[in-house]
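*Asks:* So you can see what is in the structure, the chains are spelled out below.
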Amino acid sequence: METVNKLGRILLVEDDPKDVELTLTALEEYNLANEVIVARDGEEALEYLYSRGKFKTRSSDNPAVMLLDLKLPKVDGLEVLKQIKSEEKLRAIPVVVLTSSREEKDMVASYRLGVNAYVVKPVDFHEFVNAIKELGVFWAVINEPPPGSVRK
Amino acid sequence: MSQPKLQLHFAHSAILRYGLAVASVTIALAIAFILEHHEFHRGAIPLFLLAVALSAWYGGVGPAMLAIVLSTLSFDYYFTPPFHSLRFTLEDVPAFFFLLTFGALITGFSAVRRRLEAELLQARDRLEIEVAERTQQASLLNLTHDTIFVRDMNDVITYWNRGAEELYGWPPKEAIGKSSHDLLRTVFPSPRDDIRAELLRTGRWEGELKHAKADGTEVVVSSRWSLRRDEQERPVAVLETNNDITVRKRREQQIEGLNQELAKRSTELEAINKELEAFAYSVSHDLRAPLRHIAGFTELLQKKISSVVDEKSNRYLAMILDAAKRMGNLIDDLLAFSRIGRAETQKTLFSLTQLVREALAEGRQDAEGRNIAWKIGALPDFYGDRSMLRLVLVNLISNAIKFTRTRTQAEIEIGCADGNTDDLVVFVRDNGVGFDMKYVNKLFGVFQRLHDSDAFEGTGIGLATVQRIIHRHGGKVWAEGVVDGGATIYFSAPKPRGHLWKP
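So the protein sequences, as listed, match chains A and B. Position 9 (the first sequence) corresponds to 9 in my numbering; numbering is contiguous. Position 386 (the second sequence) corresponds to 386 in my numbering; numbering is contiguous.
Think of the hints as simulated: they come from the structure by calculation, not from any bench. Fair warning: there could be bad hints in the mix.
Here are the simulated lysine to aspartate or glutamate pairs, EDC-like style, with alpha carbons at most 20 Å apart [as the list claims (entries may be wrong)]:
{"id": "1", "chain 1": "B", "residue 1": "304", "chain 2": "A", "residue 2": "16"}
{"id": "2", "chain 1": "B", "residue 1": "304", "chain 2": "A", "residue 2": "124"}
{"id": "3", "chain 1": "A", "residue 1": "105", "chain 2": "B", "residue 2": "333"}
{"id": "4", "chain 1": "B", "residue 1": "303", "chain 2": "A", "residue 2": "124"}
Over the 12 Å line for every Cβ pair with chain A, so calculated as not near, a few chain B residues [as the list claims (entries may be wrong)]:
{"id": "5", "residue": "36"}
{"id": "6", "residue": "58"}
{"id": "7", "residue": "83"}
{"id": "8", "residue": "109"}
{"id": "9", "residue": "195"}
{"id": "10", "residue": "219"}
{"id": "11", "residue": "292"}
{"id": "12", "residue": "297"}
{"id": "13", "residue": "479"}
Cβ coordinates follow ideal geometry from the N, Cα and C atoms, glycine included.
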């Protein structure tokens, strides 16, 4: 498929396995799921980004987009966001906060830290699938990622 | 004020004083003649000296001199040979010498005595005037209700006014002569040496002292000290003026106590609010996630099996989805409602007419395809949080649109009712399905609904939100309704007063 060839790598940072499954299902539905890395907490996400720990041997390219949950074990989403945006070689990675929280202070904090988009996970499955699809299509297909990102 | 006897000593009339000299010499002469007649010689000189002494004592220096002259002449004329002649011989020199010397001495002593006496009198008069002035000042100080006393540099009380007696309970005679700080058991706010140093440096001191009264109770006074110096600028006394501030002090302490209590309470409230916030956050995040999973996986399940299971099973799946969606809405509404309670109100003065127009624009979608007659009356300016008030109007208008759905010709009126002088009253009236007045209390409760959700959708939080916002603005919300006869929702709020127009 044409789109698959151009698909960027998505880094999904999400601790809830059910959410992971739903998100992957939604991405699969639109053939966007073949290059998704899942990190289960903030620490794992950072390990991936810095090619540490179990990601020591990964290819050095950055993901085309990072879907980041805020409420995460160990290192929370805002902290991950803060580290990425203050790191010269990671700053360019587009980060989309994908969270259940509609709290204003989370939004304010995220935007202040330089998030590229903020999406509240809809309860309704159709809306959820739509949101994920649109995110995936936009960031992994339509958007031209910064140089040095994986694009198959 | 001089006494009469003393006045005689200083007879002012010169005639009287000199007459006294002449008379005493004449009397002395007469007595000398009588003695001479009885063969008693040598009586004349003592008698003349007596006359001189009398004249000097009662008449002064001048009359004394006159008496000396007259006595000398009389003695020479009558008692020294040649008699009845003013000529005198060498033999008489000792007698004259004696007479003149003693006369002069007596006059001299008398003059000194009189001068001393005059000075004494002057001093006494000055003293009397001063005493009078002081007495008057003291009685003036007694008039004031302030507590005033004077103490010397050893803190010994020398003056004690009536105010001091009234406050402390000791009469002047018991207080005067005592050390003030011992008597009053003074408690100083700062080291005593510092206070004394300030007093000596600046001449005054002010501060709060604790004193003990005669009955043993404690009194707090606001104390002002003034230093008195003598002509050589040496400090001699301290005037202490005290005002009883015990009651004020106690109130201040009470207020302080209340303030502390208030601060504690508000800290507690803040903590509770924080907890609530954390709770709301967790509700927002943690409750929505499983809900999303229920909905998501049910939907996936539905997709997989809808073609193979019967209609009933499909209906169950649809109901699960519907319930999950509804719970999601409830959680969202509840969060919005709790946010209204926590958010700061940002009050400005704005036009309600303009705000109603905006709210109507928002409700237009719901009113599409409907036949609604709008009647918007004149509306006043409103002082409050504009976005919150907007939520109030949006809620009320969408309710009115919703509950007139069954009417072929809906009528919705928004207007301003007669309030009192302090409050303005706004209402939203419709000709919809209305409600039974016996359930009016349930109207504004959270999740309270008077209609089943099949007939009219909604979570039952709209009017609760309205009430919460209006309460936060210091107003009231109430409703009137008749079953199938429409409803009117009123809200009141304090009229804008002296607030600058901020468009």
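*Asks:* Are the Cα atoms of residue 304 (chain B) and residue 16 (chain A) separated by 20 Å or less?
*Replies:* violated (23 Å)
*Asks:* Is the Cβ of residue 292 (chain B) farther than 12 Å from every Cβ of chain A?
*Replies:* violated (5 Å)
*Asks:* Straight-line Cα separation of residue 304 (chain B) and residue 124 (chain A) no greater than 20 Å?
*Replies:* Holds, at roughly 18 Å.
*Asks:* Taking the closest pair, is the beta carbon of residue 195 (chain B) still more than 12 Å from chain A?
*Replies:* holds (55 Å)
*Asks:* Below or equal to 20 Å on CA atoms is what counts here, so check residue 303 (chain B) against residue 124 (chain A).
*Replies:* Answer holds: residue 303 (chain B) to residue 124 (chain A) is near 15 Å, not above 20 Å.
*Asks:* Quick check for students: does the CB of residue 83 (chain B) sit more than 12 Å from each CB in chain A?
*Replies:* holds (141 Å)
*Asks:* For the pair supplied as a hint, residue 105 (chain A) and residue 333 (chain B), confirm whether the alpha-carbon distance does not exceed 20 Å.
*Replies:* Since the Cα atoms of residue 105 (chain A) and residue 333 (chain B) sit roughly 18 Å apart, the hinted pair holds (cutoff 20 Å).
*Asks:* Grab the minimum beta-carbon distance between residue 297 (chain B) and chain A and tell me whether it stays above 12 Å.
*Replies:* Non-interface label fails for residue 297 (chain B): nearest chain A Cβ at 7 Å, not farther than 12 Å.
*Asks:* Hey, is residue 36 (chain B) genuinely clear of chain A, shortest beta carbon separation above 12 Å?
*Replies:* Consistent with the label, residue 36 (chain B) stays out of reach of chain A, its closest Cβ about 137 Å off (over 12 Å).
*Asks:* Going by Cβ atoms, does residue 479 (chain B) stay more than 12 Å from chain A at every point?
*Replies:* For residue 479 (chain B), whose nearest Cβ neighbour in chain A is about 30 Å away, the distance exceeds 12 Å, so it holds.
*Asks:* Is the Cβ of residue 58 (chain B) farther than 12 Å from every Cβ of chain A?
*Replies:* Residue 58 (chain B) is indeed farther than 12 Å from all Cβ atoms of chain A, at 112 Å.
*Asks:* Regarding the assertion that residue 109 (chain B) does not contact chain A, is the least Cβ-Cβ distance greater than 12 Å?
*Replies:* Label holds. Min Cβ-Cβ 110 Å, cutoff 12 Å.
Hints 1, 11, 12 from the earlier list are contradicted by this structure; the remaining hints agree with it.
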